[in-house]
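Heads up: the sequence lines are chains A and B, in that order. Throughout the first sequence, residue numbering follows my numbering, covering 265 to 683 in sequence. Throughout the second sequence, residue numbering follows my numbering, covering 16 to 520 in sequence.
Incorrect hints may appear among the rest.
[Unchecked claim] Here are some of the chain B residues that sit facing chain A, going by a computed Cβ distance under 7 Å:
hint, residue
1, 159
2, 330
3, 333
4, 341
5, 379
6, 436
7, 437
8, 466
9, 468
[Claimed, not checked] Label pairs and their in silico Cβ distance ranges:
hint, chain 1, residue 1, chain 2, residue 2, range
10, B, 456, A, 540, 16 to 26 Å
11, A, 546, B, 458, 28 to 38 Å
12, A, 647, B, 261, 50 to 60 Å
[To be verified] These stretches of chain A come out as covered by chain B in the derived footprint (C-beta under 8 Å, 3 or more residues):
hint, segment
13, 372 to 385
14, 412 to 423
15, 562 to 576
16, 630 to 642
If you're looking for bench data, these hints aren't it; they were derived computationally from the structure. Just so we're clear, the structure is a prediction, and the values are computed from it rather than from any experiment. Glycine included, each C-beta is placed from N, C-alpha and C at the ideal position.
Spelled out from the first residue to the last, the chains are:
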Amino acid sequence: MNRHPWLRRARVLAPLALALALPAQAGLLAITNAKLYTVSGGALENATLLIRNDLIEAVGVGLPVPEGAKVIDAAGASVTPGLFDAYTHIGLEEISGIDETRDDAGGNPRYSAALDVLDGLNPRSVLIPVNRIEGITQAMSAPTTGEGGPLLAGRGAVINLGQLGPQNFIARAHAAQFVPFGEAAMAQLHGGRPTVLLALREAFQEVRNGGHSGVQRDSLLGALDIEALRPVLSGEQPLVVDVQRAADIRALLKFADDYGIKLVIHGGAEAHLVARELAEKQVPVILDPTYNLPIHFEALAARADAAAILHRAGVLLAFSAASDMGSHNSRNIRQLAGNAVAYGLPWSAALAAVTLNPAKVYGLDSTVGSLEAGKQANFVIWDGDPLEVTSFPKQVYAAGVAIPMSSRQTQLRDRYGKR
Amino acid sequence: MRRFQPLAAASLALAALTLALAACKKDEAPAAPFPSTYTAPAAPAVLITHATILTGTGRKLEDASLLIQDGKIVAVGEEVAPPPQVEVIDAKGRWLTPGLIDAHSHLGVYPSPDVWATADGNEMVDPVTPGVWSEHAVWPQDPGFETARAGGVTSLLVLPGSGNLIGGRGSVLKNVPSVSYQGMKYPGAPYSLKIACGENPKRVYGKDGQRAPMTRMGNVAGYRAAFAKAKEYLKKQEAGGGEERDLGMETLAGVLKGDILVQNHCYRADEMETMLDVAKEFGFKITTFHHAVEAYKIADRLAEEGVCAALWADWWGFKLEAFDGIRENVAMVDAAVSKDGARGCAIVHSDDPYGIQRLNQEAAKAMAAGRRAGYVIRDEDAIAWITSNPAKAIGIGELTGSLEPGKAADLVLWNGTPFSSYARADRVYIDGVLRFDRYTPKPVESDFALGLAPPEEQEAGTPLTAPSAAIPASAAPKTEIAPTASPAEPAPTEPAAAAASETQP
Chain A
265 MNRHPWLRRA
275 RVLAPLALAL
285 ALPAQAGLLA
295 ITNAKLYTVS
305 GGALENATLL
315 IRNDLIEAVG
325 VGLPVPEGAK
335 VIDAAGASVT
345 PGLFDAYTHI
355 GLEEISGIDE
365 TRDDAGGNPR
375 YSAALDVLDG
385 LNPRSVLIPV
395 NRIEGITQAM
405 SAPTTGEGGP
415 LLAGRGAVIN
425 LGQLGPQNFI
435 ARAHAAQFVP
445 FGEAAMAQLH
455 GGRPTVLLAL
465 REAFQEVRNG
475 GHSGVQRDSL
485 LGALDIEALR
495 PVLSGEQPLV
505 VDVQRAADIR
515 ALLKFADDYG
525 IKLVIHGGAE
535 AHLVARELAE
545 KQVPVILDPT
555 YNLPIHFEAL
565 AARADAAAIL
575 HRAGVLLAFS
585 AASDMGSHNS
595 RNIRQLAGNA
605 VAYGLPWSAA
615 LAAVTLNPAK
625 VYGLDSTVGS
635 LEAGKQANFV
645 IWDGDPLEVT
655 SFPKQVYAAG
665 VAIPMSSRQT
675 QLRDRYGKR
Chain B
16 MRRFQPLAAA
26 SLALAALTLA
36 LAACKKDEAP
46 AAPFPSTYTA
56 PAAPAVLITH
66 ATILTGTGRK
76 LEDASLLIQD
86 GKIVAVGEEV
96 APPPQVEVID
106 AKGRWLTPGL
116 IDAHSHLGVY
126 PSPDVWATAD
136 GNEMVDPVTP
146 GVWSEHAVWP
156 QDPGFETARA
166 GGVTSLLVLP
176 GSGNLIGGRG
186 SVLKNVPSVS
196 YQGMKYPGAP
206 YSLKIACGEN
216 PKRVYGKDGQ
226 RAPMTRMGNV
236 AGYRAAFAKA
246 KEYLKKQEAG
256 GGEERDLGME
266 TLAGVLKGDI
276 LVQNHCYRAD
286 EMETMLDVAK
296 EFGFKITTFH
306 HAVEAYKIAD
316 RLAEEGVCAA
326 LWADWWGFKL
336 EAFDGIRENV
346 AMVDAAVSKD
356 GARGCAIVHS
366 DDPYGIQRLN
376 QEAAKAMAAG
386 RRAGYVIRDE
396 DAIAWITSNP
406 AKAIGIGELT
416 GSLEPGKAAD
426 LVLWNGTPFS
436 SYARADRVYI
446 DGVLRFDRYT
456 PKPVESDFAL
466 GLAPPEEQEA
476 GTPLTAPSAA
486 IPASAAPKTE
496 IAPTASPAEP
506 APTEPAAAAA
516 SETQP
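From just these sequences and the hints, can you work out the full model?
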């Protein structure tokens with residue numbers, strides 16, 4: 265290993281520091297003549313998006329462009345907020361089949377609540393440019409809740425993919441605690457669902473008791489685990505649970521009520537069967553709308569129009585791919601959104617599910633997710649309908665800066681393809 | 016081998032295959048075991064009019080008609096005279112394409128539900144298992160067949176997995192409901208042999224250092240040893256035989272004779288080059304490299320050798336050998352031209368029960384990425400990636416895969432362009448039989464899927480009747496395929512209008 269990591273880091277950071285100095289000089293930027301999909305305030309034709317430094321200053325039709333502003337005529341192109349993937353391992357997983365490149369798994373203790381992805385996140389991941397040039401500017405980077413892994417998997421962070429370096433890479437640390445349920449969790453505990461729920465109750469009961477599991481046995485959680493779970497018990501930090509089956513979701517709703525936990529459903533293949541209850545309790549669902557096969561016994565009622573059903577019931581939806589390609593191809597969340605539209609979801613609701621809604625899930629909706637004055641200037645100018653598989657970004661902006669539209673993949677293309 | 020019936024519409028590119036298949040027409044050949052029992056039910060003649068037609072042969076016809084009769088395509092063109100007793104479908108605003116063909120599927124052998132009891136696609140007890148056949152594990156009740164049909168897939172090659180160097184035979188199926196795989200088996204289609212390069216076999220066998228192959232050296236030694244033995248076996252057979260039957264050697268001898276096609280899972284460019292040399296050494300032909308994420312690095316050689324590449328639109332990074340995947344792979348393979356002027360044979364495949372439901376979108380992504388990089392790709396070219404090219408690669412190119420007189424009436428009527436996130440198959444015909452109709456939903460066809468979602472709970476949602484939003488109600492066809500309800504949502508293909516109308520009070 266490198267004996268002088270600080271020396272190595274200094275070399276890497278020097279050019280980055282120069283690059284990072286640029287946003288401060290960016291000053292005023294006006295995107296004019298745009299179709300602005302603000303998400304929070306509908307769509308505006310022939311509109312102007314005004315940016316000062318890293319923030320959106322104004323959004324509207326007929327806005328005067330201030331003197332000295334750099335003007336970019338969008339020529340009628342669609343502009344959306346930067347996209348936000350509600351569940352990935354970006355920055356934690358480089359090549360899925362090479363263990364040396366994976367920092368998303370939490371070993372195999374029963375509880376690993378204190379695990380913090382910040383300790384493993386790599387802002388130089390190759391996945392970041394690949395996805396950000398296709399419009400992904402934020403993503404939840406979560407610890408894996410895989411089969412046989414810990415029941416309390418640890419704390420995920422929201423990352424800014426658009427940041428060209430380690431500064432401001434983290435949009436929100438400790439944004440959520442992650443938990444598997446159902447089939448994946450049963451493998452860890454060698455038991456059934458009641459065993460899994462009991463293990464969750466034991467953990468939270470211990471936190472509630474101030475770290476004492478009771479007189480009968482030793483503590484089940486480490487001191488750091490208890491510390492990490494306090495904000496979950498207080499309802500400040502959401503608990504994101506991988507769960508598919510309707511009956512399991514109901515059981516978790518009860519559990520969340522008992523402990524005052526802010527629950528988020530991830531997976532939710534059968535959530536449409538519980539749509540009304542989820543809406544009532546304001547529990548969001550992170551869904552892959554293309555998940556329509558009974559591929560697991562806990563997902564027998566999976567269906568292609570689940571997103572439309574959940575939306576009609578008033579459930580807050582965020583989209584993320586269920587496939588193993590979910591991190592590498594986070595860029596395809598807009599295809600998921602488009603497919604949800606093909607199966608009955610209103611177009612604007614589909615766009616919200618990949619922009620503002622994930623921001624709401626992780627408490628970042630005051631800073632990202634929509635085109636509104638005061639929010640971070642993360643946005644995309646598209647060459648067509650943003651939810652179409654045939655569209656691509658013309659330019660992606662992060663914190664007011666036009667990011668270089670290149671990645672390792674575009675370099676490979678240029679090496680072997682026609683120029 | 017099933018007997019192969021050459022059709023009048025034989026294409027030049029298939030001449031070699033036809034010759035190869037003629038070998039099994041020998042009268043002394045024993046009756047092939049596990050014969051297909053598929054026959055198409057009788058179906059009425061159908062005339063589809065005013066459609067945008069992508070023929071799969073590089074043509075795009077606007078406001079065109081297509082006539083099907085007795086399960087075959089009879090006429091395609093701007094003006095087709097309707098015979099008496101024909102169902103006429105006004106397809107104004109809709110697109111018509113050949114039925115989609117997936118050159119790489121594990122439906123039935125890795126079905127839903129995905130549990131150990133159904134995992135039947137990899138016989139990983141020996142790296143060389145040419146004697147196993149995927150069809151013997153195909154579970155026709157896999158609900159994935161049905162959802163693939165709703166996505167327009169009419170034929171598919173079901174292959175064994177890639178855990179072994181030589182994984183066994185794959186079979187071409189028609190995507191029709193059946194209680195047996197024989198009832199799906201494509202009459203006249205050749206078998207394929209699955210060969211796998213790279214990481215999978217060496218991971219499965221050698222990772223613990225217990226067994227070959229442990230390295231890519233071991234991989235290649237494994238293929239060579241198997242084919243060297245097969246050559247000897249074939250020599251003895253041709254000299255009169257007399258040996259005991261060896262099921263594995265029968266398959267490899269079939270490859271050497273050209274009766275069985277070779278489908279080679281191979282990601283890296285260098286390994287594909289090695290495999291082309293292995294094939295030369297033993298005198299067989301690799302029909303298609305599958306997955307081939309680095310095919311773009313050797314696109315010219317693939318075009319020169321006449322080897323197809325079956326690819327994902329954008330998968331990458333899940334293994335080291337998939338690290339160099341790029342969006343333009345399909346377009347770059349497609350754009351290559353051999354010295355004789357033959358265009359590269361690019362295929363978009365799925366290998367996935369979800370991807371197979373939207374091969375059209377996967378092709379759309381590859382097309383758009385290619386165009387963006389400066390490649391000229393017309394819709395009528397890109398449709399070949401999921402129709403005529405895979406048909407050729409799995410040995411049914413003379414029977415289906417394009418809209419030409421004499422070919423099977425395997426077709427998909429789409430709600431608009433198939434190259435869209437919003438595309439939906441409105442109707443799917445297989446041999447002229449309406450097998451999927453979006454507006455006349457049938458009860459589930461898979462026995463397994465039957466009754467899985469309790470009806471009383473299903474009512475909590477709404478039935479799957481999302482109308483074709485890409486077609487304005489005013490332009491909806493007059494026949495019964497049009498939705499009766501007016502679109503509930505604004506046209507998704509016009510997001511500007513949609514979003515604006517939602518925001519204006």
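Query raised in the report: With a cut-off of 7 Å, does the beta carbon of residue 468 of chain B approach a beta carbon of chain A closely enough for the hint to hold?
Result: holds (4 Å)
Query raised in the report: Has the segment 562 to 576 of chain A got at least three residues whose CB is nearer than 8 Å to a CB belonging to chain B?
Result: Since 9 is at least three, the answer is holds.
Report task. Against chain A, run the beta carbon of residue 333 of chain B and see if the smallest gap drops under 7 Å. Result -> It holds, given that the least Cβ distance between residue 333 of chain B and chain A is near 4 Å, below 7 Å.
Query raised in the report: When the nearest CB of chain A is found for residue 379 of chain B, is that gap smaller than 7 Å?
Result: holds (5 Å)
Query - Range agreement (Cβ of residue 540 of chain A with Cβ of residue 456 of chain B, hint 16 to 26 Å) - result: For residue 540 of chain A against residue 456 of chain B, whose Cβ atoms are near 24 Å apart, the range 16 to 26 Å holds.
**Report entry** Agreement of hint residue 436 of chain B with chain A interface, Cβ distance less than 7 Å
**Finding:** Nearest chain A Cβ about 3 Å off; hint holds.
Query raised in the report: Any CB of chain A closer than 7 Å to the CB of residue 437 of chain B?
Result: holds (5 Å)
Query - residue 159 of chain B as an interface hint toward chain A, with CB separation required under 7 Å - result: holds (6 Å)
**Report entry** chain B over the segment 630 to 642 of chain A, status - at least 3 residues with CB closer than 8 Å
**Finding:** violated (count 0)
**Report entry** Restraint outcome when residue 330 of chain B is required to lie within 7 Å of chain A by C-beta distance
**Finding:** holds (6 Å)
Query raised in the report: If you look at each residue in the segment 372 to 385 of chain A, do at least three have a Cβ nearer than 8 Å to any Cβ of chain B?
Result: Violated: only 0 residues of the segment 372 to 385 of chain A have a Cβ under 8 Å from chain B.
Query raised in the report: Taking 28 to 38 Å as the hint, is the beta-carbon distance of residue 546 of chain A and residue 458 of chain B inside that range?
Result: Given range 28 to 38 Å: holds, Cβ gap about 36 Å.
Violated hints, in rising order: 8, 13, 14 and 16; the structure is consistent with all others.
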